[in-house]
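Number of protein chains: 2
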Amino acid sequence: MIPLSDKMAEPPSAYDQLTKHLGEIAIVGSIGSLLHWDQETGMPHAGGEWRAEQLAWIANRQHALLTHVRTRDLLEAAETEGNLTSDAMVNVQWARRDYDRATRLPAAFVEECARTESLAHESWKAARITSDFSIFAPMLHKLVDQARLRADYISEQAASPYDALLDLHEPGATTAEVSALFDTLTPQLSELVELATQKGSSLPTLPDGLEYPVEAQRRFNHVIAEAIGFDFGSGRIDTSTHPFCTRLGAMDHRLTTRYDTRDFTSSLYGVLHECGHGLYEQGLDAGSYGLPVGSAISLGIHESQSRLWENHVGRRLDFWEQWFPLAVDCFPGLLGSTPHELWQYANRVQRSFIRVEADEVTYDLHIILRFRLERALIEGDVEAKDIPGEWNTLFQQLFGQQIPNDSMGCLQDVHWSMGGFGYFSTYTQGNLNAAQLMQAARKAVVTLDQDLADGNYSSLLSWLRKHVHSQGMRHVPKELMQRATGEPTATTAYLRHLKQKLQFV
Amino acid sequence: MIPLSDKMAEPPSAYDQLTKHLGEIAIVGSIGSLLHWDQETGMPHAGGEWRAEQLAWIANRQHALLTHVRTRDLLEAAETEGNLTSDAMVNVQWARRDYDRATRLPAAFVEECARTESLAHESWKAARITSDFSIFAPMLHKLVDQARLRADYISEQAASPYDALLDLHEPGATTAEVSALFDTLTPQLSELVELATQKGSSLPTLPDGLEYPVEAQRRFNHVIAEAIGFDFGSGRIDTSTHPFCTRLGAMDHRLTTRYDTRDFTSSLYGVLHECGHGLYEQGLDAGSYGLPVGSAISLGIHESQSRLWENHVGRRLDFWEQWFPLAVDCFPGLLGSTPHELWQYANRVQRSFIRVEADEVTYDLHIILRFRLERALIEGDVEAKDIPGEWNTLFQQLFGQQIPNDSMGCLQDVHWSMGGFGYFSTYTQGNLNAAQLMQAARKAVVTLDQDLADGNYSSLLSWLRKHVHSQGMRHVPKELMQRATGEPTATTAYLRHLKQKLQFV
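In order, the protein sequences belong to chains P and V.
Start counting the first sequence at 1; every next residue gets the next number (the working numbering).
Start counting the second sequence at 1; every next residue gets the next number (the working numbering).
Hints are not guaranteed to be accurate.
Because identical chains share one entry, a pair is satisfied inside a single copy or across any pair of copies.
Stated by the list, open to error - Simulated pairs of lysine to aspartate or glutamate, EDC-like, Cα-Cα distance not exceeding 20 Å:
#1 20 / 49
#2 478 / 87
#3 20 / 53
#4 499 / 191
#5 501 / 449
#6 466 / 87
#7 499 / 183
#8 142 / 386
It is worth saying that the hints were derived from the structure and are not from the lab.
Note that the coordinates shown come from a computational prediction; the quantities given were computed from them, not determined experimentally.
Build the full structure now, drawing on both the sequences and the hints.
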């Protein structure tokens, strides 16, 4: 029934078969993403139990496809058939890495980890609510053991087991390099925080007692998201408790945010942040969806995009000058305010206990604390049971404040309870990368600042599309930053950015 | 690693393995439902192409599981192992029917049908927009051929090929029985339509020029949906172009509606209708999700539930008396109206060309027309190319009006373009069943009318839960109606209901 053409007569190459196979894995993965997205945005409470069954089934199918002997055979055939383009080689190499990693972990270990993480997540929730670390301590101990074991399984020539965990989220990152960056950063950030918090006695605020209806916030955010380039023809924004960005298909990008009716800037900056992630994903080659050349390279590069739009675009004074009329149209109570006041409010600096509520200047100190502690955990220098004491001591050193209880301290973040070690540092790498990319874009696009002041965001987006988004996984982050900015990730541009801002706010 | 208990030592029975296998098929099916739901409610336009890949993959997995040799082996083992409870026998028997049907259709035929339906759907859309039947005619011809072939494959001892198609949607229904019902109904409905449309010269309307904001409609509908018993803990209501009800898991029910800002009753009756479907699904045994005893028996019973809440509850005068204060609270412009006026508006009768816009009295004439035509198509008495002429003649007979163009006539419905033959009659069966169930409930629950007048809907819902919802697929529709109302589906109760209503409106 299939007509034979000349093209059909040639059997498909091993590489073509491999990409088709990877395409099927992408289909399954994207279905899993929809199941997750729906769970966070709309699923009725009682749907949870069945949703777990659906997710388990999809995860099982995905793992089975990835570790199938067919993957190995196709990889071997593609690796030996020659004549691969450079893009094809990129795809084969990353697919090989994924296959090797997946098959190096024994199935029983993967299952045991999944079980531990599920139980640990529940015990973390209980511990956080009651601020009782002892509930979580035994699970954290087990999670650390498993993370070490995972590092052992997947690492080939890593200098430290922590290197292997960093590499999971940030390919090519090493403990030594990240440590060196953070060591440079720490004293200078501390100085800046000191400077910023001494400056004024009272923090800027929004006008007293105003309410910002959710519908008006939606309209405000939508117009701005569209203006910076987010394509609503292939995306949408929904509501969830924890904001995120996910991709449900080649051309299907979902962002979420949450609304505070007493502070409209909270959802605005959330949307700008997630839009940064979304713009990166929308800038990947959709035709290569599911293949490494069409995928984001790392969390540190991803976070650079979100932080760039949130902080380097959205926290400029001229951003507020540009959007003030729309703000007043959406929230008439702002009529008596000025763009300058809103800008000051958006840039207020304050030492606080909670990372997700931290401002741009204090944020990285929260990350540095976590990085040091989890490195020590993984390298065996600190025991899980000693985390509260270690956390509080380090917080006192970095912030000069005393942690009131563990919920405000070492129990505040979800990451460890889900086995996510080696993840936190990518947040700060994202901040560093964002400033460095912004500096390079400013050098390359001479009109950049004027464009942004005019509300014309396309010159910046085009530069990012070319130097970051369209690159996919062709270069590891270090190399991508070198090619885009002339040097690997450093602290210079970021510190200059913060200092400049503090001079004027 | 699995601790051995006495229970574990016994190997699971073939029946237990079969239900586990059916559970997996249900997981896959429910994932497909989520993919469809999301496509209709929120998917960005550009996501369509990848969504088709996801749906095709899921459909393929579902079919593969259903027709797998393991299904056959487990069925044979369960059928012979004995000691089955009556519920287990119900499950095995329906699973056997599904397996036989699925395997009786050659894979190439199934694929060819899917391809034709996809093409036919597109050609139908093009034909409808331009009102040019000739675009759709060749595809309709092919669809009819395939429907006949499908009937041949699946029918065992059907008297007419049309019987086999009816049975797909309404187990046990026969062409002869449905024809007999419809022949009784037709002259009496025509008389009622004549009576109702002669009665008044002008149609009741809503107050002039009022706007009904979507948010206020949402609130109004939500309160009423909750009042009649829809559980938002395991369900939600979203917006879509074509309203529907779907189930994404054991405890996850999704309804949709659409909003007309000039007529709030449109979304209200849409929600009451879909809530009727949703209440049926929420009343099935969630613990048997994916098994026949936990599934709806037929479209005609399903439609009886939606029509019952929409028409027999929602179109009562005391319904409007009960909800008038809330209506005024949501839509202050209604302050000058009366419940009686809204009730009259909700019960206006008018001959019209479009089925989905038809009122309660004229609705079934639309169905009877379609039933006659598609039966003639399948039995070979009418050719696809002659449908427009046949349609228009029959419409003239039934409605005394001339069809202005095929978009307002034979091209208005989507069903045939998707291969859905034998489906339409279940709408009228639903209307008949609704009236008959309502009559039986009224007899059994002496306080029923007072309860409804008081806005207390639980006595009606409890009766339906017991006699319809909780029954699952234990009895075919004919038998279910016999047990619940004392006789199989008839026209008496329905005609009495319409006549009574027309006396008073």
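Each hint, compared with the structure:
no., hint, verdict
1, 20 / 49, "between (33 Å within a copy, 16 Å between copies)"
2, 478 / 87, "within (19 Å within a copy, 63 Å between copies)"
3, 20 / 53, "between (27 Å within a copy, 12 Å between copies)"
4, 499 / 191, "within (10 Å within a copy, 85 Å between copies)"
5, 501 / 449, "within (15 Å within a copy, 71 Å between copies)"
6, 466 / 87, "within (16 Å within a copy, 63 Å between copies)"
7, 499 / 183, "within (18 Å within a copy, 86 Å between copies)"
8, 142 / 386, "within (14 Å within a copy, 74 Å between copies)"
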